[in-house]
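Participant: Listed here are the chains, written in short residue letters.
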Amino acid sequence: MGERIMVTGNYSAAYGSKLSRAQVVAAYPITPQTTVVEKIAEFVSEGYMDTKYIKVESEHSAMAACIAASNTGARAFTATSAHGLALMHELLMWACGARTPIVMANVNRAMGPPWSVWADHQDSVAQRDTGWIQFYAESNQEVLDMIIQCYKVAEDPDVMLPAMVNEDAFFLSHTYEAVELPDQELVDEFLPPFEPKEKLDIDDPKGFGSLVMPEQYYEFRYKIAQAMDNARHKIRKVDKEFKEKFGRGYGGLVEFYKCDDAEVALIVAGTAASTAKEVVDYERAQGRKVGLARIRAFRPFPYEEMRILAKRIPIIGVIDRSITFGFGGAMFAEVKSAIYNSEHSPAIKDYFTGIGGRDITPAVVTIIIDDLYNVAENGLDKEIVYVDVIGGDL
Amino acid sequence: MGKITIPEEELMSSGHVGCHGCGAVLAMRYVLKGLGKKTIMSIPACCWAVMPGVWPHRALEIPLLNTAFETTGASISGIRAALDALGKEDITVVGFAGDGGTADIGIQALSGMVERSTNAIYIMYDNEAYMNTGIQRSSATPRGAWTTTTPVGTQGTWKKNPKKNLMDIMVAHKIPYAATASIAYPEDLIRKLTKAKEIQGPKFIHIYAPCPTGWRLAPELGVDIARLAVATKAFFVYEVENGVYKINLQPKDKPLSEYIKLQGRFRHLSEEQINELQKAVDWEWERLQKLEKFTQALYKRS
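Keeping their order, the protein sequence lines are chains A and B. The first sequence begins at 419 in this note's numbering and counts up one residue at a time. The second sequence begins at 8 in this note's numbering and counts up one residue at a time.
By construction, these hints were calculated from the structure, which means they are not laboratory data. Do not take every clue at face value.
As the list claims (entries may be wrong) - Straight-line distance between alpha carbons at most 20 angstroms, and here's what the computed SDA-like set of lysine to any residue pairs gives: (1) A:K473 to B:L93; (2) B:K204 to B:T220; (3) B:K45 to A:D576; (4) A:K617 to B:R123; (5) A:K617 to B:K167; (6) B:K45 to A:D619; (7) A:K624 to B:R123; (8) B:K167 to B:L93; (9) A:K473 to B:R123; (10) B:K204 to A:I620; (11) A:K624 to B:A56.
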C-alpha cells in the first residue's frame, strides 16, 4: 500500500507526472490548471522531481516543446485548460501526426465569452478529432492513476499516440480527496522508461514530419486510425495490469454501474457520475431499476461497450456537459452512432445540463430519470432536451 | 593553391528542390559546415520545409524535426530540454526559420526561447518575404518592395513600411550573441556559427539570403546581389556580443540605386523615392556605427 494523502485533483495530476518520471514538462499557467504547474515547480525546486521544466510563453509553445522533446526521446508532460487547450489545437493535431506519446492533464472548463472558469466539457470535446486518446476522470485518485496508465498505453509501440486526462474544474481540480500515492518502485515496474523506436539521433539521422505526396499521406493517417483502434484493447489490458499491481481498476473504457438488470440507463462522463450514482442507489431503494454507464474513454470511443448496453437496456439517457450547436451533444451523437448499426435499437435521449459549472444536482438527475421513465411509458417524444435552463425543456 | 578557408565536410547533399540561384540553399550549406554533424535541427513551415525533398528523400544529413510555422523557438527549447534530460549535452540544437516564421508568426516563440535562455542557435534566413507561399510581404520585406500582397497597381501600394529590425529586438532581450551574416561572405558566416556553437545560452543569427524568384532577379546574380547589399548599405554585417556591437564588413561607397536597379521588385520606384531610401540607409548606417562606438566604449569602461 502506498501512502494516503489529502490532495486536490490538480495535485494528483502533478503527482501523476512525478510518479511517471516525466523527463520534460512544458506548461503555461491558466485558471483552473495553475496549481498543477505550481506543484510541479515545487517538486523540481525541492529536488523531488528530476525533470527539465520549460517555462514557455504560451500553451501553443508548451505543446510544441513537448512534441520536440518527445521526438528527441524524452517522456513529456503538460497541463492546461479551456482556452489553453483551444490555443494548442494545431499542435494537438501535430502531436498525433508526429506520433508523440505526450500525456496531458486538462482541467475541463467552459469556453468564453462570456468568461467562465467553471466546469463543462466543451474544451476537450471540441478536440475530439485531433487524434488524442481522451479520458474523463471521476475522482482525484483516478486522475493520478490514469496519468500513469496513459503513459503505458500511449507509449505502447502499437499505439504511439498522445493521451489526455480530463478532470472537471473545481469539482476535482480544487477539491481535496484522500488519494493513495502508489509506491515509486511499483510504478517503475509498471511503467518502464520511454524508449521510442524512432527519435532524433545524431548517430542515425532521420527526418521527422517531412513533406509527403498524396500517395503516401493517407497511409500515414490510416496507421494512426489503426493505432487508435489498438489503443482500445491496450486501455483494457493496461487497466487490468494496473489493478493487479495496485489493487485499483476502472473497468477500461466504460464503468458500468448497476446496469445488469436496469430498465433505464444514464450515460455520463466525469464527476457528474458520482452524483448520478447516488441517485441511482436512491431510485433503486424506491424500486426503480436504474443503471449508469460512465464513459471514461471518449477517444477511442467505446462502441462495443455501448452495444452491450443497448442489448440490455431499452431506454438510455445521455448527459451532455457541452453543446455541439446545431444538433445533439457530442456524447449523444457518439452513443447513438455506436449503437445504430447493431441489432438493438433502444430509445436514446440527449440531456444538456451542467454547462459552465452549473451543478448537476441530485434533483437534476432525478428529473432526467423521471423523464426516461416517461419515455418508457409513452415513447420517445423529443430526442434532444435542455435541462435546468430558463426556457428549456425540463 | 590557396588555403582552404571553408570546411570541406558537406552535410547538405544534392537533391534539394530550391529554385535556381536560391540564397537559402547556400545559407543551409554554410550553416551545416559551421555546425558539423553533432547537430539537431528544427525547421518550421518555410522554403526549407520543402527543399530537403519529398519523403523518403532528404538532402540534409542531420536529424531534422519539422515543426509548425510559429513554433521554432519552442521546438528548440523542447529538443534542448530533452537532450539535457537524456544527458546528451554536447549536441548543438538549431532552429532554421524564414523571415516570416521569425519576424512575424514565430516572434513570440523566439522571444520566449531567448528569454528563458535556451542553449540553442536560432537562425533566420531572410529572403525578405513569404517566398514559399509565393512572394507575399512579411515584416522583413524592405520598404519600397513589390510583393504579391503589396502590388504596385495604379494606386502605388508597394510596401511603405520599414523592415523590422530583429537584431535590435534580440539585443533588447540581452541575448549573449546575435549576428548578421550574408551568403556572399561564407567565411564570416561560418566563423559566426562556429563561435555561436561555443557560447552558452541563446544565439541568434540573421542570414541575408537572396531570392531571385521573389526579387525578380536573374538567378546567376544571387551572390552578386548579396555583395552589393553589403556594399550599398542595404544590409549590414555585424555581431553583438553581450550588448557590444562590432561591424564585420565595411560598406563600399556605392549608391543604393545600384542594388535597387538590379531587382524587378523595385522597378516602380522613382529617382526621388530611391533617394528617400538612400537617406534611410545612410541614417541606419550612422546609427549602427554610433552603436558600435558607444557600446565598445561602455565595454572598455567596465
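Participant: Taking the hints in turn, state whether each one holds.
Facilitator: For each hint, the structure was consulted:
1. A:K473 to B:L93: 19 angstroms, holds
2. B:K204 to B:T220: 32 angstroms, violated
3. B:K45 to A:D576: Answer violated: K45 (chain B) to D576 (chain A) is near 31 angstroms, above 20 angstroms.
4. A:K617 to B:R123: 25 angstroms, violated
5. A:K617 to B:K167: The given pair, whose Cα atoms are some 45 angstroms apart, is violated under the 20 angstroms limit.
6. B:K45 to A:D619: Since the Cα atoms of K45 (chain B) and D619 (chain A) sit roughly 9 angstroms apart, the hinted pair holds (cutoff 20 angstroms).
7. A:K624 to B:R123: Outside the cut-off at roughly 28 angstroms; violated.
8. B:K167 to B:L93: 49 angstroms, violated
9. A:K473 to B:R123: 7 angstroms, holds
10. B:K204 to A:I620: 16 angstroms, holds
11. A:K624 to B:A56: 14 angstroms, holds
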